[in-house]
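J.: So the sequence shown is numbered by this note's numbering: it starts at -13 and just counts up by one.
The set of hints was computed from the structure by calculation and includes no laboratory data.
These numbers were taken from a predicted model, which means no experiment stands behind them.
For every residue, glycine included, the Cβ atom is placed at its ideal position computed from N, Cα and C.
It is possible that part of the hints are untrue.
[Stated by the list, open to error] DEER-style ranges, computed between Cβ atoms:
id : residue 1 : residue 2 : range
1  : L70       : S14       : 19 to 27 Å
2  : D18       : A78       : 32 to 40 Å
3  : D69       : P94       : 33 to 41 Å
4  : E71       : Q10       : 44 to 52 Å
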Amino acid sequence: MAWHYYQQGWSLALVARRTQLMEQWAQSLQLDAQRYAVYEADVTLIDSACNAARACMERQGLPDVVIANAGISWGVDSSRREDLEVMQQVLASNTMGLAASFQAFITPM
-13 MAWHYYQQGW SLALVARRTQ LMEQWAQSLQ LDAQRYAVYE ADVTLIDSAC
37 NAARACMERQ GLPDVVIANA GISWGVDSSR REDLEVMQQV LASNTMGLAA
87 SFQAFITPM
């Protein structure tokens, strides 16, 4: 999705837990370093996601579009008691991670 937006002329603010992999991806596509920035965040940690958003605005200004697609997926069987804790982690990461990713952008947008 980021590549599609880049090809349309958008600048990118890329957020990843493993920034080195994101940098490698950007370099493999020969992205212009003036049109993207990589920020480190772990969306399971609310402050980490919020801080990345603030860093983005400080460096690149207020974005026109924010797409949050981070999350995790594990197979769970809710008939198994031990899988309920896994489901809890998945929901916490995907739901709160999404909210934390958007939080800093909401008021200024």
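J.: Tell me, which hint numbers fail for this structure?
T.: When the structure is compared with the hints, numbers 1, 4 turn out to be violated.
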